[in-house]
Amino acid sequence: MKFFLLVTISFQIFVSCSKVEYTSLIDQAFSSADESFDDSGESEETDSTPQTLSASVLKLSDSNATFEGSDNTADCSYYLIGIKGTGAWRPSTFVYNNKVYFNVPCKYTDAGSGGWHWGIMSWTPALGMVWYDGDPITPGDNEVVSLSDTDSNGFSLSSSRNFYMVDTGSGLKGLAVKYFRASEYNTSNVPTLFQAKAVVPSNGYYFVSFNTSSPESLAASDFLVDEEKSAHIFNENDDTWKGQTYREAELFYSGGEVYIYSSSTNAPTKDKDFIYVSKSTDMITFEKPMSPILEGYKCPHVFEQNGTLYMIAFNNNIDKWQLLKGSSLLEFDTENAFTLDLGVEIFGASGWDDTPSFTSLPNNQPEIVGVEVLNNKVYLFYMAGQFGQMRTPANGVSGAPYDSPRGIGTFELTIE
1 MKFFLLVTIS FQIFVSCSKV EYTSLIDQAF SSADESFDDS GESEETDSTP
51 QTLSASVLKL SDSNATFEGS DNTADCSYYL IGIKGTGAWR PSTFVYNNKV
101 YFNVPCKYTD AGSGGWHWGI MSWTPALGMV WYDGDPITPG DNEVVSLSDT
151 DSNGFSLSSS RNFYMVDTGS GLKGLAVKYF RASEYNTSNV PTLFQAKAVV
201 PSNGYYFVSF NTSSPESLAA SDFLVDEEKS AHIFNENDDT WKGQTYREAE
251 LFYSGGEVYI YSSSTNAPTK DKDFIYVSKS TDMITFEKPM SPILEGYKCP
301 HVFEQNGTLY MIAFNNNIDK WQLLKGSSLL EFDTENAFTL DLGVEIFGAS
351 GWDDTPSFTS LPNNQPEIVG VEVLNNKVYL FYMAGQFGQM RTPANGVSGA
401 PYDSPRGIGT FELTIE
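Going by this note's numbering, the first residue of the sequence shown is number 1, and it counts up by one from there.
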């Protein structure tokens, strides 16, 4: 999450907010989409009878934020926690070892040398939020992966952010948005250094995959920098759902495959949003779909509770978050969706998070960091708050990243 040096990016993945009616697209999503999958990836018979959803939320961070960006300049969370906007720099969540982990793009200063680094923290209801210090010797809460670390080819990792992970039961697979230099990953180094698909056409940020045995052990050398970059995204700029993929992802593991839920827009017009699903077994090759699974929605968060699949996504028709029930990993019921008006729970209550300027979404709806199930309870984490760290830019004009959230709040979601 940051705005700094502008570069030419070959695969552009940006931000949008728009409206459109939902259209059923499931029959076209994959060549195998006529087969229904359960949460383990196996085909099953499903009950097609619509069931109306109902849910309620309990705000667990009413008095205080679940996490506040640090006031200590020695901490990597000092500068920012998030930059508002769909697909922008912000934390994401995953469950591992019975804890909710947070991927945190962190930075010490606004200078290029200040970040972006990758830090992690974990949360449980009993312990609250705990920052994992990647460098216990150095004072402060430090990152785990630094921009100055070297990748498997000996190049500086450079800035990395927008991390997404999923537990496979034998380790973690993930995606990150990492800066690549064409002066390093170019044809002159092929095939001497690495294979041709590692080449980037220009300086810029690209999605890259990684594998690691645990969150704490992730290193710069784990990034699969020799493989094709941004292989799961679309950037056709053709006014269809393939027009442009946002810089975000939701990972769900089932039946030996990682399902990558992405949001896209019909660039260049950008007045329609879509959710589509890619699949991969190794995070090197990706099966991309022939059509999206949802239209008029974005920012999906997929989870399973009591053997039932759910998605929380932002509905552009009503400008609110909705809870959808899934009959498979590729089909979610919009006709019986339940609307979650999280803005009503937050704004106007004079709490730490009563700051609508810290969200890019309409109707004062907060940006969701993640939705996770822990001990059979559903927790929803959102961005808000500034905590006295409002900074005035040199030109005196208020704007990103100065009006961005520095805190994380929590709801407990009960599905009835």
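Hints are computed from structural coordinates only; laboratory data are not their basis. Hints should not be assumed to be uniformly reliable.
To be verified - Using 20 angstroms as the maximum straight-line C-alpha spacing, the simulated PhoX-like pairs for lysine-lysine come out as follows:
| id | residue 1 | residue 2 |
| --- | --- | --- |
| 1 | K288 | K59 |
| 2 | K377 | K325 |
| 3 | K197 | K99 |
| 4 | K270 | K320 |
| 5 | K288 | K99 |
| 6 | K59 | K270 |
Against the structure, the hints come out as follows:
1. For the hint linking K288 to K59, the alpha-carbon distance of about 38 angstroms lies beyond 20 angstroms, and the restraint is violated.
2. Restraint check for K377 and K325: the C-alpha separation of about 16 angstroms stays at or below 20 angstroms, so the hint holds.
3. A distance of roughly 36 angstroms separates the Cα atoms of K197 and K99; the hinted pair therefore is violated under the 20 angstroms criterion.
4. A hinted pair counts as satisfied when its Cα atoms are at most 20 angstroms apart, and K270 with K320 qualifies at roughly 19 angstroms.
5. Taking the CA atoms of K288 and K99, the gap is near 31 angstroms; set against the 20 angstroms cutoff, the hint is violated.
6. Distance check on the hinted pair: K59 and K270 sit about 34 angstroms apart at the alpha-carbon level, beyond 20 angstroms; violated.
Hints 1, 3, 5, 6 from the earlier list are contradicted by this structure; the remaining hints agree with it.
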